[in-house]
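Trainee: For reference, the chains in residue letters:
Number of protein chains: 2
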Amino acid sequence: MFTSIKTPRVYDQVIEQIKSKIKSGEIKKGDKLPSEREMAELLSVSRTSVREAIKALEVIGLIESRQGAGNYIRTNFNNSLFEPLSVMFMLQESSLEEMYDLRKTLELECARLAAENIKDAEIEHLSAILDRMYESLTEEQSLELDIKFHYVIAKASRNVLLINILEVISQLMDEFIKTSRMQILHEGKNREKLLSTHENIVKALKLNDKEKVSEAMYEHFDLIWKAYGY
Amino acid sequence: MFTSIKTPRVYDQVIEQIKSKIKSGEIKKGDKLPSEREMAELLSVSRTSVREAIKALEVIGLIESRQGAGNYIRTNFNNSLFEPLSVMFMLQESSLEEMYDLRKTLELECARLAAENIKDAEIEHLSAILDRMYESLTEEQSLELDIKFHYVIAKASRNVLLINILEVISQLMDEFIKTSRMQILHEGKNREKLLSTHENIVKALKLNDKEKVSEAMYEHFDLIWKAYGY
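The listed protein sequences derive, respectively, from chains A and B.
Convert by adding 57 to the 1-based position in the first sequence; the result is the number in this note's numbering.
Convert by adding 57 to the 1-based position in the second sequence; the result is the number in this note's numbering.
Since the hints were made in silico from the structure, they are not lab data.
Hints are all accurate, no fakes.
Where chains are identical, the list cannot tell them apart; a pair therefore holds if satisfied intra-copy or between any two copies.
Straight-line alpha carbon distances no greater than 30 Å define the calculated BS3-like cross-link-like pairs of lysine-lysine that follow:
#1 161 x 85
#2 283 x 80
#3 176 x 283
#4 205 x 76
#5 161 x 76
All values reported here derive from a predicted model rather than from experimental measurement.
Whenever a hint applies, use it, and build me the whole structure from the sequences.
Mentor: Shown next as structure tokens:
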């Protein structure tokens with residue numbers, strides 16, 4: 058049997074060239090790319106192929122095309138992970154439990170690393186958020202503060218890769234859990250328990266106690282899962 | 058000041074339509090998409106816009122374009138995560154330590170879940186791989202078996218999302234660590250220690266003991282990190 062011969066696509070080669078320049082450090086985040094015309098000349102390919110490559114890199118969130126100003130390498134890459142991960146999640150019919158499990162794992166590790174690396178100013182920031190959570194009058198406001206709280210901890214882990222992936226998973230999970238369901242956590246008895254687990258996390262972080270932070274975060278996730286009715 | 062008005066791009070709208078059909082379950086993995094001409098008619102857009110959208114989805118690894126046979130939704134999505142993650146890793150100048158830490162976290166969780174979910178046949182498979190590792194004559198062969206060993210454990214976690222992300226991170230890490238460095242693990246004293254940590258993992262899995270599995274996997278990663286000279 059003959060099998061069809063796969064000709065390498067020109068736009069794929071353009072993408073490879075851009076990627077190898079990133080790998081070598083020649084192109085950095087925030088950099089402006091040469092114009093499409095210039096790139097076509099430099100690479101000896103058609104402008105159409107360059108445009109196709111740029112469009113694809115725009116879709117994966119690597120390049121930002123500013124109208125009239127040219128193409129730039131993005132400085133924030135959450136989109137580039139979010140798109141494929143969310144589609145993958147949908148196509149594989151992953152369960153919310155799988156996602157919850159992954160998120161819990163990543164948040165626990167962030168919390169452990171944060172216990173070592175967190176600065177006083179960040180602990181103060183967490184305390185301030187917590188105070189506002191106690192005072193918050195609407196579930197909506199409380200939920201927003203909750204997200205901020207976890208983000209401060211994630212950032213204190215100092216592992217950019219971990220932070221990025223956690224952010225994408227959290228965003229994805231929040232998209233799949235209806236807001237109404239998330240608000241359950243911010244009502245009545247759950248609200249009290251939620252505030253106390255957050256309080257425990259801050260206390261343990263203050264002590265730089267890895268194990269205690271880990272335990273407090275674990276309790277927190279346990280509460281969430283039960284509140285959601287699992 | 059005036060700010061430029063952002064017109065939604067047509068190909069972005071095509072991508073959104075495909076994504077929403079995936080979300081609703083109308084399009085499933087392995088499915089063939091309508092031809093570019095048909096899609097252009099259905100969506101009332103130009104064929105160029107459809108082609109741009111398809112190309113972009115091909116780059117992120119969601120669609121596979123088979124020459125002469127049309128466009129299909131992929132059944133395997135590792136590529137769709139690998140590309141953006143690897144570029145993100147390069148652009149953010151993440152350290153190998155960050156990656157190692159993420160991988161360790163995910164492998165530990167896989168091992169814990171595997172302790173609960175692993176089947177006898179899988180344990181036998183692990184034992185067989187381990188036997189072959191003892192017998193292996195080259196570092197190359199040993200390394201290959203090692204990768205298989207970890208893959209069987211990851212699969213036994215039954216969390217597809219976790220497996221996918223771990224696979225991408227492992228692949229990425231292996232690309233950044235030179236093979237010569239990985240082989241250090243499979244030489245002399247390290248080889249003995251490596252075999253014994255693998256042995257401990259299998260034993261703990263047999264007992265379905267979450268904590269023991271977790272400990273054995275932790276030891277394993279500790280060994281790797283030290284062998285790499287950190």
